[in-house]
Amino acid sequence: KQEVTQIPAALSVPEGENLVLNCSFTDSAIYNLQWFRQDPGKGLTSLLLIQSSQREQTSGRLNASLDKSSGRSTLYIADSQPGDSATYLCAVARGGGALNFGKGTSLLVTP
Amino acid sequence: EAGVVQSPRYKIIEKKQPVAFWCNPISGHNTLYWYRQNLGQGPELLIRYENEEAVDDSQLPKDRFSAERLKGVDSTLKIQPAELGDSAVYLCASSPEGTGVTTEAFFGQGTRLTVV
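If you read the sequences in order, they're chains V and A. Our numbering puts the first sequence at residues 503 to 613. Our numbering puts the second sequence at residues 3 to 118.
These are calculated hints, taken from the structure and not from any lab test. It is possible that part of the hints are untrue.
Think about it this way: if two alpha-carbon atoms lie no more than 30 angstroms apart in a straight line, the pair counts; the simulated DSSO-like pairs of lysine-lysine are [unchecked claim]:
1. A/Lys64 x V/Lys544
2. V/Lys544 x A/Lys18
3. V/Lys544 x A/Lys13
4. A/Lys80 x V/Lys544
5. A/Lys64 x V/Lys503
6. V/Lys544 x A/Lys17
7. A/Lys17 x V/Lys605
8. A/Lys80 x V/Lys605
9. A/Lys64 x A/Lys17
10. A/Lys13 x A/Lys80
11. V/Lys605 x A/Lys73
12. V/Lys570 x A/Lys73
13. A/Lys73 x V/Lys544
14. A/Lys13 x A/Lys73
15. A/Lys13 x V/Lys570
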């Protein structure tokens, strides 16, 4: 069974810092990996999708990398802002697109 | 373009009562998923549809949960009877492609169920 682990569980940083969120998975036979953002009481917003053949994806201040052989992904957030405060979820896709999620990293960016 | 629409947003019911959640996926998306998210956890898959066919329902507690996707568009998830442990957020998601091809999944706002 695919296990997805996210470290750290919670993170508090001052505004302007660059930060890294980590995700690891136990089965490297994945189709893709997605990073999501979840605000309190809200659904999930897709941030980045990395196909299994890709190494990284970038969107604005976000950069996600994927090392399938070692079962790791990182989400890099540059110049963090208070509006980035949310829970970040990593999910790996198996056949058919169903996702296995980690428990998330709760991020607080203070002004 | 409208995203995935779910209703209701919130539902409070007494245990042993029935409850139903509705989902309208993004237009043209063949694949629809229902996930359950417990507090402090990531979402877990309950059922996956490709068009009107349930192709993965191995995690659906079939004694009390049922789902349907008539005509391969809207979907309804039902719980009867509800138990206290069913309190969670129920998320619907859709994606354009089906088996063998995986693309980005788009999620709705979810329905927060509280069973008292």
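Do the hints match the structure? See the list:
no.: 1; hint: A/Lys64 x V/Lys544; in the structure: holds (27 angstroms)
no.: 2; hint: V/Lys544 x A/Lys18; in the structure: holds (27 angstroms)
no.: 3; hint: V/Lys544 x A/Lys13; in the structure: holds (15 angstroms)
no.: 4; hint: A/Lys80 x V/Lys544; in the structure: holds (21 angstroms)
no.: 5; hint: A/Lys64 x V/Lys503; in the structure: holds (21 angstroms)
no.: 6; hint: V/Lys544 x A/Lys17; in the structure: holds (25 angstroms)
no.: 7; hint: A/Lys17 x V/Lys605; in the structure: holds (27 angstroms)
no.: 8; hint: A/Lys80 x V/Lys605; in the structure: holds (25 angstroms)
no.: 9; hint: A/Lys64 x A/Lys17; in the structure: holds (18 angstroms)
no.: 10; hint: A/Lys13 x A/Lys80; in the structure: holds (13 angstroms)
no.: 11; hint: V/Lys605 x A/Lys73; in the structure: violated (34 angstroms)
no.: 12; hint: V/Lys570 x A/Lys73; in the structure: violated (38 angstroms)
no.: 13; hint: A/Lys73 x V/Lys544; in the structure: holds (28 angstroms)
no.: 14; hint: A/Lys13 x A/Lys73; in the structure: holds (26 angstroms)
no.: 15; hint: A/Lys13 x V/Lys570; in the structure: violated (40 angstroms)
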